[in-house]
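Counting in the UniProt record's numbering, the sequence shown tops out at residue 403, every number present.
Mixed in with the good hints there might be a few duds.
[Claimed, not checked] Simulated restraints, written as ranges between beta carbons of each label pair:
no., residue 1, residue 2, range
1, Lys89, Thr379, 25 to 33 angstroms
2, Val136, Asp231, 26 to 34 angstroms
3, Gln84, Ala271, 54 to 62 angstroms
4, Asn90, Glu356, 46 to 54 angstroms
5, Arg261, Asn90, 47 to 55 angstroms
6, Glu93, Ala296, 56 to 64 angstroms
The hints are simulated quantities; they were obtained by calculation from the structure and are not laboratory data.
C-beta: ideal position from N, C-alpha, C; glycine also.
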Amino acid sequence: MKAATTLPLRAMALGLPLRLPARMGARVISSTTQKPADVAPIVGTGPPPPAPTASAAATLAAKEYQGPRNSEDPMARVQRRRRQAELLKNAKELKNAAAMGASSGMKRRFWKDVSVKEVHGALEVHLDARPLRHPVTKDIVRLPATKKHLASALAIEWDHLTSAQQATRQHLIPLTSLVCRALDIEADDAAAATKGGQRDPNAPAPFSSTGGEGDVTIRAQIATTLLRYLDTDSLLCWAPPAGEFDPVNEAGESLRQVQERTAGEVTDFMARHVWKGHEFVPVLDESSIMPRKQGAAVREAVREWLLSLGPWELAGLERGALAGKSLITASRLVAEWSEHGAGVGAQKDGKVFGVEEAARATSLEVSWQTGRWGEVEDTHDVEKEDLRRQMGSVILLVSGVKE
Numbered sequence: 001m002k003a004a005t006t007l008p009l010r011a012m013a014l015g016l017p018l019r020l021p022a023r024m025g026a027r028v029i030s031s032t033t034q035k036p037a038d039v040a041p042i043v044g045t046g047p048p049p050p051a052p053t054a055s056a057a058a059t060l061a062a063k064e065y066q067g068p069r070n071s072e073d074p075m076a077r078v079q080r081r082r083r084q085a086e087l088l089k090n091a092k093e094l095k096n097a098a099a100m101g102a103s104s105g106m107k108r109r110f111w112k113d114v115s116v117k118e119v120h121g122a123l124e125v126h127l128d129a130r131p132l133r134h135p136v137t138k139d140i141v142r143l144p145a146t147k148k149h150l151a152s153a154l155a156i157e158w159d160h161l162t163s164a165q166q167a168t169r170q171h172l173i174p175l176t177s178l179v180c181r182a183l184d185i186e187a188d189d190a191a192a193a194t195k196g197g198q199r200d201p202n203a204p205a206p207f208s209s210t211g212g213e214g215d216v217t218i219r220a221q222i223a224t225t226l227l228r229y230l231d232t233d234s235l236l237c238w239a240p241p242a243g244e245f246d247p248v249n250e251a252g253e254s255l256r257q258v259q260e261r262t263a264g265e266v267t268d269f270m271a272r273h274v275w276k277g278h279e280f281v282p283v284l285d286e287s288s289i290m291p292r293k294q295g296a297a298v299r300e301a302v303r304e305w306l307l308s309l310g311p312w313e314l315a316g317l318e319r320g321a322l323a324g325k326s327l328i329t330a331s332r333l334v335a336e337w338s339e340h341g342a343g344v345g346a347q348k349d350g351k352v353f354g355v356e357e358a359a360r361a362t363s364l365e366v367s368w369q370t371g372r373w374g375e376v377e378d379t380h381d382v383e384k385e386d387l388r389r390q391m392g393s394v395i396l397l398v399s400g401v402k403e
């Protein structure tokens, strides 16, 4: 019975005597008797188990081995690494065969050697005697004779494939996809009519999920897409001004100052040599999260320059802008390494703008934060190398070797 904790107000008002219940004894929460744990006693001990012995196959292999026994011997390490490489190769072949099925005709590549040949003034990649072809149009992939580095890189890419099935995976042949993109732009330009600026009605219309409604060519679709990147260019997205307690680098610069200095070097070069007389503004204000568009004159100048590029430069510019989320940085890279100058010609500054400079300009804030807090393994390091790989492919695509 629970003890009363309140007094009836009605009884107090009538003056009646109150009888409080007697205090009851405390109840035990658990009625189980306490009993200590009964640990099982050790019944008995015996002799230790016998030591493990090598199998008969391992013993026979050890007897037949005639190589050096000293693990510190350099030849022993070389032989061990050769055996490990052979095991890895066999495991890779078994994995590919299991993934594609034993009855598949594509479990092994049908070519043995990959070579680059010059045929009728153009470079072709040959898989034994077969020339490399476009996966969609089935046309022979022909590169300009000046792009020897690109042809060699394309041949290396196909020489690394271990099966024909891998050739159907786009992530394993990224350079081939980029070359085919340039060839598609070149073929689309050739299909466009020369009369009245209208497209040939017999030519197939290109498909794009990002182009405008009035864009009837691949070139126009790429220009429309890249102009959207100009409005949110990562080179012009700056951090707020540093406060009193914000960190600075060894040179005493804040993140905002580093971003302004890097962007100024790139935009000044482009304003002097490519988009002459046009200035860019930061796309983000201090108190806003909505990007700010560039002026109409700047956008028109950039669009005209995009439409004037060759197919190889335009394909490389598209790859660089999508990789670094920066049209200005990709344009600076193309202007530096373009075989045809891309509007720059011989006018260049003393500094070279290469892969490292382009990757650093498009990932300043990531580098700043990882330098302060550290990198996440298999994330920041992978993205860092992938960005440099894609920027390097841009240089391979747009550059050339002149005789």
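Now the hints, each set against the structure:
1. Lys89 - Thr379: 25 to 33 angstroms: holds, 29 angstroms
2. Val136 - Asp231: 26 to 34 angstroms: Since valine 136 and aspartate 231 have Cβ atoms about 32 angstroms apart, the given range 26 to 34 angstroms holds.
3. Gln84 - Ala271: 54 to 62 angstroms: Since the Cβ atoms of glutamine 84 and alanine 271 sit about 55 angstroms apart, the hinted range of 54 to 62 angstroms holds.
4. Asn90 - Glu356: 46 to 54 angstroms: violated, 38 angstroms
5. Arg261 - Asn90: 47 to 55 angstroms: This hint holds: roughly 53 angstroms between Cβ atoms.
6. Glu93 - Ala296: 56 to 64 angstroms: holds, 59 angstroms
Violation of the numbered hints given earlier is confined to hint 4; every other hint is satisfied by the structure.
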